[in-house]
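Chains as they are written, first to last, in our numbering: chain A, 1 to 314; chain B, 1 to 314.
All clues given are correct.
Repeated chains share a single entry, so a pair holds when one copy, or any two copies, can fit it.
Quick list of in silico lysine-lysine cross-link-like pairs, BS3-like style, CA-CA up to 30 Å:
#, residue 1, residue 2
1, 283, 298
2, 168, 231
3, 195, 231
4, 238, 168
5, 172, 289
6, 242, 279
7, 289, 149
8, 242, 172
9, 279, 231
10, 242, 168
Hints in this document: simulated from the structure, not taken from any laboratory.
Number of protein chains: 2
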Amino acid sequence: MYSIGIDLGGTNVAFGLVSEDGKLVRKESVATDRNATAEGLTEIMAKKTLEFIDEWKVPRKEIRSIGIGCPGACDNESGILILTVNLPFRYTNIREIFARFTDIPVYLGNDANCAALGEALFGGGKGAQTCLAITLGTGVGGGIIIDGKIYTGFNGVAGELGHMVVRKGGIKCGCGRRGCFEAYASATAVIRETKIAAKKHPESLINELCGGDMDKINAKTAFDAMRAGDKTGTALVKRYRKDLAEGIINYINIFQPEVILIGGGISKEGEGLLKPLRKYVYKFSYGAKMLPRTRIEKAVLGNDAGIIGAAMLS
Amino acid sequence: MYSIGIDLGGTNVAFGLVSEDGKLVRKESVATDRNATAEGLTEIMAKKTLEFIDEWKVPRKEIRSIGIGCPGACDNESGILILTVNLPFRYTNIREIFARFTDIPVYLGNDANCAALGEALFGGGKGAQTCLAITLGTGVGGGIIIDGKIYTGFNGVAGELGHMVVRKGGIKCGCGRRGCFEAYASATAVIRETKIAAKKHPESLINELCGGDMDKINAKTAFDAMRAGDKTGTALVKRYRKDLAEGIINYINIFQPEVILIGGGISKEGEGLLKPLRKYVYKFSYGAKMLPRTRIEKAVLGNDAGIIGAAMLS
Numbered sequence: 001m002y003s004i005g006i007d008l009g010g011t012n013v014a015f016g017l018v019s020e021d022g023k024l025v026r027k028e029s030v031a032t033d034r035n036a037t038a039e040g041l042t043e044i045m046a047k048k049t050l051e052f053i054d055e056w057k058v059p060r061k062e063i064r065s066i067g068i069g070c071p072g073a074c075d076n077e078s079g080i081l082i083l084t085v086n087l088p089f090r091y092t093n094i095r096e097i098f099a100r101f102t103d104i105p106v107y108l109g110n111d112a113n114c115a116a117l118g119e120a121l122f123g124g125g126k127g128a129q130t131c132l133a134i135t136l137g138t139g140v141g142g143g144i145i146i147d148g149k150i151y152t153g154f155n156g157v158a159g160e161l162g163h164m165v166v167r168k169g170g171i172k173c174g175c176g177r178r179g180c181f182e183a184y185a186s187a188t189a190v191i192r193e194t195k196i197a198a199k200k201h202p203e204s205l206i207n208e209l210c211g212g213d214m215d216k217i218n219a220k221t222a223f224d225a226m227r228a229g230d231k232t233g234t235a236l237v238k239r240y241r242k243d244l245a246e247g248i249i250n251y252i253n254i255f256q257p258e259v260i261l262i263g264g265g266i267s268k269e270g271e272g273l274l275k276p277l278r279k280y281v282y283k284f285s286y287g288a289k290m291l292p293r294t295r296i297e298k299a300v301l302g303n304d305a306g307i308i309g310a311a312m313l314s
Numbered sequence: 001m002y003s004i005g006i007d008l009g010g011t012n013v014a015f016g017l018v019s020e021d022g023k024l025v026r027k028e029s030v031a032t033d034r035n036a037t038a039e040g041l042t043e044i045m046a047k048k049t050l051e052f053i054d055e056w057k058v059p060r061k062e063i064r065s066i067g068i069g070c071p072g073a074c075d076n077e078s079g080i081l082i083l084t085v086n087l088p089f090r091y092t093n094i095r096e097i098f099a100r101f102t103d104i105p106v107y108l109g110n111d112a113n114c115a116a117l118g119e120a121l122f123g124g125g126k127g128a129q130t131c132l133a134i135t136l137g138t139g140v141g142g143g144i145i146i147d148g149k150i151y152t153g154f155n156g157v158a159g160e161l162g163h164m165v166v167r168k169g170g171i172k173c174g175c176g177r178r179g180c181f182e183a184y185a186s187a188t189a190v191i192r193e194t195k196i197a198a199k200k201h202p203e204s205l206i207n208e209l210c211g212g213d214m215d216k217i218n219a220k221t222a223f224d225a226m227r228a229g230d231k232t233g234t235a236l237v238k239r240y241r242k243d244l245a246e247g248i249i250n251y252i253n254i255f256q257p258e259v260i261l262i263g264g265g266i267s268k269e270g271e272g273l274l275k276p277l278r279k280y281v282y283k284f285s286y287g288a289k290m291l292p293r294t295r296i297e298k299a300v301l302g303n304d305a306g307i308i309g310a311a312m313l314s
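Construct the complete structure from the given sequences, taking the supplied hints into account.
See below:
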């Protein structure tokens with residue numbers, strides 16, 4: 001048996017054929033029609049899904065489900081996409097619209113949550129039943145997996161793991177509060193701090209690495225400077241690791257998950273980031289000296305995680 | 001049908017007969033034998049349970065289960081009490097020891113989690129399927145209820161809701177970190193801040209209310225001063241409410257539970273505390289302007305919550 005995983009994005013809609021053991025067998029992508037209505041977009045998704053199933057030459061009875069990772073709040077029970085930020089969906093009954101075209105069961109999940117599910121089951125989590133996925137990108141995204149399923153909260157929008165205040169009165173966050181984890185642990189935060197440090201320390205290698213052009217500083221610059229032995233880069237990375245660790249310890253104390261998966265651009269630093277991070281985390285997280293410890297691992301599926309997770313929805 | 005709920009404490013062990021609809025029908029308490037071994041204590045619990053069942057004249061086949069709220073980490077799957085802080089249990093197989101005396105099924109839960117379960121199902125939560133219980137006492141305790149069951153994490157000690165850093169580098173906490181929610185939201189924190197403010201503001205009514213004796217300041221003093229129009233008391237309560245609110249918003253952004261229950265000594269302030277708290281929380285919590293909101297209510301079962309929750313373990 002197979003499932004179809006769909007990753008509904010503001011730019012593209014990706015369709016994948018996923019085997020029961022989480023392998024992405026086939027993948028296609030079409031541009032998102034930004035002029036279409038919510039109903040129109042849903043119809044296109046349904047038609048394209050059936051087209052690809054034919055194209056991939058899979059008998060329809062071999063398709064267990066269609067899962068859609070949605071960029072917003074959705075209710076899998078009713079099949080309704082409640083709200084999206086960059087697309088026109090408002091209480092759109094996706095399941096009902098799909099049912100006009102196919103009787104394959106349709107399930108919905110938030111896109112970040114689907115990525116977390118994919119990673120938990122078939123990526124860095126390798127079958128973990130309880131897992132938090134934390135994505136360190138432009139913002140800090142998250143997903144909570146409990147008993148092998150996405151935890152959505154009662155209104156569908158749980159898992160905003162970036163919007164936990166860790167420094168009351170700190171840096172202003174897009175959510176309206178100050179001092180959110182996102183404001184210290186995102187790639188955006190790393191870039192912001194790297195720029196500040198580069199100005200303050202004209203002797204730092206950072207200024208050389210970006211050729212004197214601040215706009216060329218990215219989330220990797222400070223790590224590169226550190227690796228070359230630069231004092232400013234080393235201090236930046238150390239401080240960043242502590243900020244990241246404090247948030248992760250918070251989440252361990254709350255959830256004690258089997259595994260925490262770190263994804264997003266910054267996770268490319270790999271063990272160079274994770275090894276010292278674990279050391280700090282296990283020093284302070286609750287129970288880490290006496291009880292089994294939460295594993296802290298890198299997310300490995302990249303952009304495919306969302307499609308694979310969507311295919312695993314039920 | 002009934003269940004037996006046991007609240008195993010360092011001073012007393014309380015036994016309750018609880019009906020299916022969460023009513024505590026009978027209750028007894030015996031002093032905890034501080035000289036007994038873990039096995040000895042468990043045997044006493046088992047024997048006492050059977051004695052009380054006889055005394056209460058309930059046919060044994062009317063007893064569905066025995067649930068034990070334990071002051072530490074336990075594993076309900078294996079029936080093992082892993083670790084307690086103030087009692088001698090270390091990987092003690094409670095289920096096995098009880099089985100020497102009775103074939104009634106025995107379940108284990110952490111005591112704070114049992115209290116959360118009791119409150120969620122039959123107290124302030126009234127049937128809530130997802131619920132966080134936050135106890136504002138000497139520390140800040142917590143319990144997480146998901147799908148009507150206690151969420152324990154993979155190692156049994158999830159739900160340390162007081163040990164989330166909200167002010168990095170803040171006040172030193174007993175857990176080894178700085179700036180934990182507990183250090184700002186507990187009754188201990190209120191008393192600490194009230195004492196500091198009283199010294200700083202000799203004109204404040206607080207000094208009168210405690211008769212000039214700082215040791216007589218309790219968690220209610222600042223609230224009493226506020227109610228009498230005292231400026232220092234009002235400022236203290238406002239700041240406390242904000243600290244409490246920030247932690248609660250964090251938990252809503254993470255869990256989006258149906259209800260958050262506030263218990264412990266400070267919850268006695270009731271709506272005077274909760275009404276302004278809700279206003280602040282809903283201003284900043286994720287989705288509160290568009291989606292159904294987490295209810296914030298007072299815990300109502302007091303010390304019985306743990307017994308009732310233990311009886312509901314399965």
